[in-house]
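Q: Following the hints, complete the assembly by docking chain B onto the known chain A.
There are 2 protein chains.
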Amino acid sequence: MLAERAGADDLLDRMARRAEAVTQRLDALLPPADGPRGRVVAAMRDSALSGGKRLRPFLTIECAALFDVAPEQALDCAAAIEMMHCYSLIHDDLPAMDDSDLRRGRPTVHKSFDEATAILAGDGLLTEAFAVLADPRCHPDPDVRVALIAGLAAASGAAGMVGGQMIDLSPERANLDLDGITRLQSLKTGALITFSCDAGAILGGADAAARSALQTYARDLGLAFQIVDDLLDSESTPEELGKPTGQDDAAGKATFLGLLGAEAARTKAQELVMRACAQLEIFGKKAEVLKGTAQFVVERRS
Amino acid sequence: MLAERAGADDLLDRMARRAEAVTQRLDALLPPADGPRGRVVAAMRDSALSGGKRLRPFLTIECAALFDVAPEQALDCAAAIEMMHCYSLIHDDLPAMDDSDLRRGRPTVHKSFDEATAILAGDGLLTEAFAVLADPRCHPDPDVRVALIAGLAAASGAAGMVGGQMIDLSPERANLDLDGITRLQSLKTGALITFSCDAGAILGGADAAARSALQTYARDLGLAFQIVDDLLDSESTPEELGKPTGQDDAAGKATFLGLLGAEAARTKAQELVMRACAQLEIFGKKAEVLKGTAQFVVERRS
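So the protein lines, in turn, are chains A and B.
Per my numbering, the first sequence runs over residues 1 to 302.
Per my numbering, the second sequence runs over residues 1 to 302.
Just chain A, same shape as in the assembly (with noise of 0.2 Å):
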């Protein structure tokens, strides 16, 4: 489907080429994996330079760009707002957590190094990512750091990603209903992939109309990404997802997948993408790309 799309393969090359940015700075922002204490560095460096498909810092850039912010003006959050991402997949990871092996098509972090070792990586990138946004080479202005590290612990604390997986944890995940479900996803994904967007917004010094209409597009798209996820998982091997799947299913953790059926799931994504996509005429033909984004969140294969 998405081949049919005028500019699909337009989008799919603007991704690759941000990723491909994205990657450049995290390994210029990070510091060399030597010394005493290399072995932690190194093991930040694994999961941040691993790939993966950047979206979190791609619509950090684009939603700049809406308000005419430069790509480059816009990397060193993207990538503060990415080593954000990895942290939480690495501690994600962990035995005492998902316990998977495999992410990004590679052994996980406390596999290729060890447990002690992927906690100590993981705390290392949070720090790192509050130390870039804190640092004058992400904005000038210091007014524009602090909101975007507020937002960034906003997002990223208990009322956020931690208190996201901590209810994935918990005895209670196995009986969420869609409401239960819809929150859950709304801390554990959402609340990141709702930053990244206003991110954007705060580096462009957007207005309160303009942060709005990208927050509610960011928390459509993010559960539309989560409900895709969830279809992957059922419909994919592991070798095309890169990461264990069934993992859910296994755990009897209820899923959108579970509770919708597969047909209802996909139509609601596919609502919740149009939904994503009406709150961005505001921005007129600006906002082309990150139409195409959230269809290609959708569409997407892994």
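Derived from the structure by calculation, the hints contain no laboratory data.
Incorrect hints may have been included.
[Unchecked claim] Footprint (simulated), chain A over chain B, 3 or more residues, beta carbon under 8 Å:
hint: 1; segment: 29-42
hint: 2; segment: 93-106
hint: 3; segment: 109-120
hint: 4; segment: 124-133
hint: 5; segment: 165-176
[Claimed, not checked] A partial selection of chain A residues facing chain B, derived with a Cβ cut-off under 8 Å:
hint: 6; residue: His91
hint: 7; residue: Ala116
hint: 8; residue: Pro142
hint: 9; residue: Leu178
Every residue gets a Cβ at the ideal spot worked out from N, C-alpha and C, and that includes glycine.
A: Here is chain B on its own, set in the frame of chain A:
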């Protein structure tokens, strides 16, 4: 010895009052432990509100006082630093790290809760520390807030605390010489102690000379603190210290005590404290509390 010093009781009273204020502020800053994510917040609160000497926030408040910053104006920054310290204790105590069951006389977080909750609670406190510093209630000037955030991130990440813990877990750890242990300590515990003092100077708008003097004071103080930790570890029971003893010895780790012997270690700690106090001469009578604190650090029994 401490009781012989004029004003020693005053100092202990002052530390107790400051510790109580820090605990109250932590209680107010941390969210209530309710709702489905309540478990991770309960674990964060369990760690942050369980007492301890609160040495780091005390240093922040007293260093800020040198520049006429009122204690309550340094309290949020002090609480953020204590959150960072508590996160490091939770993660250091994990089975994959030091595997400790006892901390501050109580079961460690992974014992009271479970390993996943302990990892998440550490992540949550680490993240919340930056949220507190980014909030205007911490300081009205965003330049001051980003300076605090940059300093805390540098002290806590791979170039500081996280790097130090990595070295502490490395195979080379067993055979470190005096320089190696000094470097390990300067990262693992020294960097955050130094930042605790520097944060007070930043809050107070200190000039370069004053900041440099306090940093040197803090480095000597931090090293003395670690040497005394080694001595207490060998001379005390777990009941007296509220944490396991003899773990470094059992793990075959080199210590200041092992390399220097008890008498030379004690002499070195005392020399470091005298050197630390000499740095404070530029502050005149105002520095009496910080001088007393240095003396307290070497004379403490827990």
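Q: None of the hints should be skipped; say for each whether it holds.
A: Hints versus structure:
Coverage of the segment 29-42 of chain B by chain A holds. Counting CB-CB distances below 8 Å, 6 residues qualify, and the rule asks for three or more. Proximity of the segment 93-106 of chain B to chain A, defined as three or more residues with a beta carbon under 8 Å from a beta carbon of that chain, is established by the 3 residues found. Only residues whose beta carbon comes within less than 8 Å of a beta carbon in chain A count, and the segment 109-120 of chain B has 6; three or more means the coverage holds. Counting residues of the segment 124-133 of chain B whose CB lies closer than 8 Å to any CB of chain A gives 7, which reaches the minimum of 3, so the coverage claim holds.
Here's how the segment 165-176 of chain B fares: 6 of its residues keep a CB closer than 8 Å to some CB of chain A, so the rule of at least three is met and the hint holds. At about 6 Å, the closest approach between the beta carbon of A/His91 and any beta carbon in chain B falls short of 8 Å, and the interface hint on this residue holds. Contact between A/Ala116 and chain B, as hinted, is supported at the beta carbon level, the nearest pair being about 4 Å apart and thus within 8 Å. Because the closest C-beta pair between A/Pro142 and chain B is about 4 Å apart, less than 8 Å, the hint holds.
Given hint, A/Leu178 at the interface with chain B, is violated; its Cβ is 15 Å from that chain's nearest Cβ, farther than 8 Å.
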